[in-house]
Amino acid sequence: MPSRRVLITGLSTYWGGRLAKALESDPRVEVIVGVDNEEPSVELERTEYVKVGTQHALLRRVVQAAEIDTVVDTRLVIDSATTSSRKAHENNVIGTMNILAACSGADSCVRKLVFKSSTHFYGSEQDDPAFFDETMGRPHPPQTPIERDILEAESAVAEFTDTSPRATVTILRFANVLGPDVRTSHTRMFALPAVPMILGFDPRYQFVHEDDVVHALEHVTQRALPGVFNVAADGVLALSEVAGLLGKPYAPVLPPWGTGVAVSALRRLGLGIPPEMLAQLRFGRGVDNRRLKAAGFVYGRTSREAVIALGEHMRLHPLLRSGAEPYRYEREVEEFLRRSPNVRSGGVEEMAAGLSLEQVGELRRLLAAYDSARTVDEERGDGEIGEQPTAPVQHYDALTAAEVIPLLGSLERDDLLALRDYESGRRERRTVLAAIDGALSRRDASERPPAA
Amino acid sequence: MAEPVRTPLSSRERRSPNRGAQSRLAVLADEDLRNHLPAVEPARTLTDWGRSERVEGIMDRTLVEFLYRYWFRAEVEGIANVPSAGGALLVSNHSGALPPDATMIGKAIREEHPRPRPLNITVEHFFKGYPGFSTLLPKIGCVAAHPANVHRLLYDEEQLVLVFPEGRKGTEKLYKDRYRLRRFGRGGFVEAAMRARVPIVPVCVVGAEEASPVFAQLGLLRRLTGLLYVPLTPTFPHLGPLGMLGYLPAKFKLRFLEPISFDDPEAHSDKGLVQSTAHEVRARIQESLFEMVSKRESVWLG
Chain A
1 MPSRRVLITG LSTYWGGRLA KALESDPRVE VIVGVDNEEP SVELERTEYV KVGTQHALLR
61 RVVQAAEIDT VVDTRLVIDS ATTSSRKAHE NNVIGTMNIL AACSGADSCV RKLVFKSSTH
121 FYGSEQDDPA FFDETMGRPH PPQTPIERDI LEAESAVAEF TDTSPRATVT ILRFANVLGP
181 DVRTSHTRMF ALPAVPMILG FDPRYQFVHE DDVVHALEHV TQRALPGVFN VAADGVLALS
241 EVAGLLGKPY APVLPPWGTG VAVSALRRLG LGIPPEMLAQ LRFGRGVDNR RLKAAGFVYG
301 RTSREAVIAL GEHMRLHPLL RSGAEPYRYE REVEEFLRRS PNVRSGGVEE MAAGLSLEQV
361 GELRRLLAAY DSARTVDEER GDGEIGEQPT APVQHYDALT AAEVIPLLGS LERDDLLALR
421 DYESGRRERR TVLAAIDGAL SRRDASERPP AA
Chain B
1 MAEPVRTPLS SRERRSPNRG AQSRLAVLAD EDLRNHLPAV EPARTLTDWG RSERVEGIMD
61 RTLVEFLYRY WFRAEVEGIA NVPSAGGALL VSNHSGALPP DATMIGKAIR EEHPRPRPLN
121 ITVEHFFKGY PGFSTLLPKI GCVAAHPANV HRLLYDEEQL VLVFPEGRKG TEKLYKDRYR
181 LRRFGRGGFV EAAMRARVPI VPVCVVGAEE ASPVFAQLGL LRRLTGLLYV PLTPTFPHLG
241 PLGMLGYLPA KFKLRFLEPI SFDDPEAHSD KGLVQSTAHE VRARIQESLF EMVSKRESVW
301 LG
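Chains A and B, in that order, give the protein sequences.
In this text, residue positions in the first sequence follow our numbering: the first is 1, and each later residue adds one.
In this text, residue positions in the second sequence follow our numbering: the first is 1, and each later residue adds one.
Read the hints as simulated data drawn from the structure, not as lab findings.
Hints are not guaranteed to be accurate.
[To be verified] Simulated pairs of lysine to aspartate or glutamate, EDC-like, Cα-Cα distance not exceeding 20 Å:
| hint | chain 1 | residue 1 | chain 2 | residue 2 |
| --- | --- | --- | --- | --- |
| 1 | A | 293 | B | 32 |
| 2 | A | 21 | A | 45 |
| 3 | A | 248 | A | 335 |
| 4 | A | 51 | A | 39 |
| 5 | A | 293 | B | 156 |
| 6 | A | 293 | B | 157 |
| 7 | A | 293 | B | 266 |
[Stated by the list, open to error] For each label pair, taking beta carbons as the anchor points, the in silico distance ranges come out as:
| hint | chain 1 | residue 1 | chain 2 | residue 2 | range |
| --- | --- | --- | --- | --- | --- |
| 8 | B | 132 | A | 265 | 22 to 28 Å |
| 9 | B | 131 | A | 162 | 51 to 57 Å |
| 10 | A | 81 | B | 77 | 54 to 60 Å |
| 11 | B | 259 | A | 81 | 48 to 54 Å |
| 12 | B | 118 | A | 434 | 31 to 37 Å |
| 13 | B | 43 | A | 264 | 36 to 42 Å |
| 14 | A | 434 | B | 264 | 54 to 60 Å |
| 15 | B | 266 | A | 159 | 54 to 60 Å |
| 16 | B | 219 | A | 272 | 51 to 57 Å |
| 17 | B | 62 | A | 264 | 37 to 43 Å |
[As the list claims (entries may be wrong)] Here chain B is said to cover these stretches of chain A; the calculated rule only asks that three of the stretch's residues, wherever they fall, bring their Cβ under 8 Å from a Cβ of chain B:
| hint | segment |
| --- | --- |
| 18 | 178-185 |
| 19 | 190-204 |
Backbone N, C-alpha and C fix where the C-beta goes; we use that ideal spot for every residue, glycine too.
The following block holds chain A by itself, in its conformation from the complex:
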């Protein structure tokens, strides 16, 4: 079952934003709703942004109102340096619980759940296997709060899988992500003049490039792939090898005994090494990435290539620092661009996103016809075309469902109602009717003051 109406949690995280952007160019996806407690940080064309609290308590209403069939959860915090452990717990455990609650229930319309997790699930211990596969658990209970959270969130997802047989659940466990745009504790460490290491240890590391993360999320969103998948690029590197690829020396500055004390001293100096990363610096981790490859996914870069790409970026970065202004979400502008009937030229580009060249040409031809028809109507003094006995959109019958649906956002409420009657009287395309209903409910929701 392909995903048509997608909800992305964690829209303002790097991954949520990237995934929404990627899905926008897919014409099979009708609706993309993104929720988060902060405003999105990337420019989005047709994704609807809904602001929710950290705990995602009201998500169920959003899911039901928009008839979401696919939920992609990209919001898990897997790096304890990014936020306090209490906030991370709130987000990872309570947030996951509420998101799962929003997807469950006998009458739920959700048919697919994609959950972004981390290979921190496996931990880093002395008696680990060299390659964790998806069926393995960690040999010892977790010691760090973030790993406990990840385990707890995943077991909640596993429980949801067992109780909701109609939903396809995919868990993706990502290895350490590298890339020019993503900021993690590891990229910060690699940006130092030398790569710090624990004396006497050369851990094995596996990475995944940021583009492969987005592609993997997209891959499982567009297919029915139930199960757990490790997402890590080919090749497990030793940390000394990583330093060599980055063109930096490695500095075994951390003592093998009393490492915790040394790390807290370093934290005062401004170099934070979170506890889950410290375990990895000692024992490293490799995972078996073959199941996702067997499911048809092709990695764009190996671990080594991801490190080389990061190295190139870090050398170039100081020259580009004074680049473009970062994108800032402005609600009013977004509302105008999406809802106002006066938006025309920008609208075509917006609708054209993801359509093939022929489809764009067809769309332009139809809109030109629509405009000329309206001019003729206005000259005749018939007023708005919505009042015509036929469809509120000219040449409506010639349009396919994929072409109609992007147009709905620009129609007035009355037009939508008229169109609904027209459609249900003639072709009765269920996708179009559902899209009209969705547009209507959104229109109603935006006109009414938001519920407390």
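Once you have looked at the hints, place chain B on chain A.
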């Protein structure tokens, strides 16, 4: 270098604590994924296991070469029993403070075999947690003795793996108990070979017991250093850490015995068969060891 006490090579450990996730989330678990192994990147000098061609090459040309050729004057029999292709599990007796037997077996395959292949030596997890060992051992071809590691090497990557089923019990044993095999673990190595459908090649090593005889175990020093064991040898610990390498020039004799193959792919689930095979492997090695020792005229000249 030993098979671990905590993690036997059986599949019992490969169980996730998260059973709920197993039931519906892991449907592809039994699929054959061998076609999806990562490709070799020619620009790299390390393998995914952390094995370094460079470090291994340097060691091989210097220390190992010297020990093999001039110090131990190793003599090899039955090298043709090591298969030229496909995975195989080599099982050997084990002894000595810092055991030279594993490196000598590896060197013998490199030197004498018509188609030399790298040998993966299983070591205890302990070494991954000890500074220094943790960096060096993977570079020269040692992997932790985890059932998943052994299975991947044997089944997926079709490599040679060497195990010492006696484990720590072998290296801890004193000079007076030489050439008397300890218990062979719990038969995990047989299960690993059966699951991977590869033959077991028993290996006998004579000479290692005399090369680094252990007179006593120093319990107090062991606790102080946090090491697995601290033996009293002719040169250790009074000559410092390098005394670990102070081998006596005993004559080494290595013998590779007839491989034992398994036809039934489900044999590993038969606990009785696993145990009896383990006993048989142990008996073969023991018998051959006694024969080799009885024919030996001199410990130093062979």
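To see whether the hints hold, each was checked on the structure:
Restraint check for residue 293/A and residue 32/B: satisfied, since their Cα atoms lie roughly 12 Å apart, inside the 20 Å limit. Note on residue 21/A and residue 45/A: the hinted pairing holds, with a Cα-Cα distance of about 8 Å set against a maximum of 20 Å. For the hint pairing residue 248/A with residue 335/A, the CA-to-CA distance comes to about 48 Å; that exceeds 20 Å, so the pair is violated. Between residue 51/A and residue 39/A the CA atoms are separated by roughly 7 Å; this keeps the pair inside 20 Å, and the hint holds.
Between the alpha carbons of residue 293/A and residue 156/B the distance comes to roughly 15 Å, so the proposed pair stays at or under 20 Å and holds. A threshold of 20 Å between alpha carbons decides the hint, and for residue 293/A with residue 157/B the separation of about 17 Å falls inside it, so the pair holds. Under the criterion of a C-alpha separation no larger than 20 Å, the hint pairing residue 293/A with residue 266/B is inconsistent with the structure, at around 27 Å. With their beta carbons about 23 Å apart, residue 132/B and residue 265/A fall inside the hinted range of 22 to 28 Å.
Look at residue 131/B against residue 162/A: about 44 Å separates their beta carbons, and that is not inside 51 to 57 Å. Under the hint 54 to 60 Å, the C-beta atoms of residue 81/A and residue 77/B, about 58 Å apart, fit the expected range. A beta carbon spacing of about 53 Å between residue 259/B and residue 81/A agrees with the range 48 to 54 Å that was offered as a hint. Between residue 118/B and residue 434/A the CB atoms are about 60 Å apart, so this pair departs from the stated range of 31 to 37 Å.
For residue 43/B and residue 264/A, the hinted distance range of 36 to 42 Å is satisfied, since their beta carbons lie about 39 Å from each other. Checked against the given bound of 54 to 60 Å, the beta carbons of residue 434/A and residue 264/B, roughly 56 Å apart, stay inside it. Under the hint 54 to 60 Å, the C-beta atoms of residue 266/B and residue 159/A, about 33 Å apart, miss the expected range. In this structure the hint that residue 219/B and residue 272/A lie 51 to 57 Å apart at CB is violated, the actual value being about 41 Å.
Between residue 62/B and residue 264/A, the C-beta spacing of about 42 Å keeps the proposed range 37 to 43 Å intact. Coverage of the segment 178-185 of chain A by chain B is violated. Counting CB-CB distances below 8 Å, 0 residues qualify, and the rule asks for three or more. Only when three residues or more bring their CB closer than 8 Å to a CB of chain B does the claim for the segment 190-204 of chain A stand; here the count is 6, and the claim holds.
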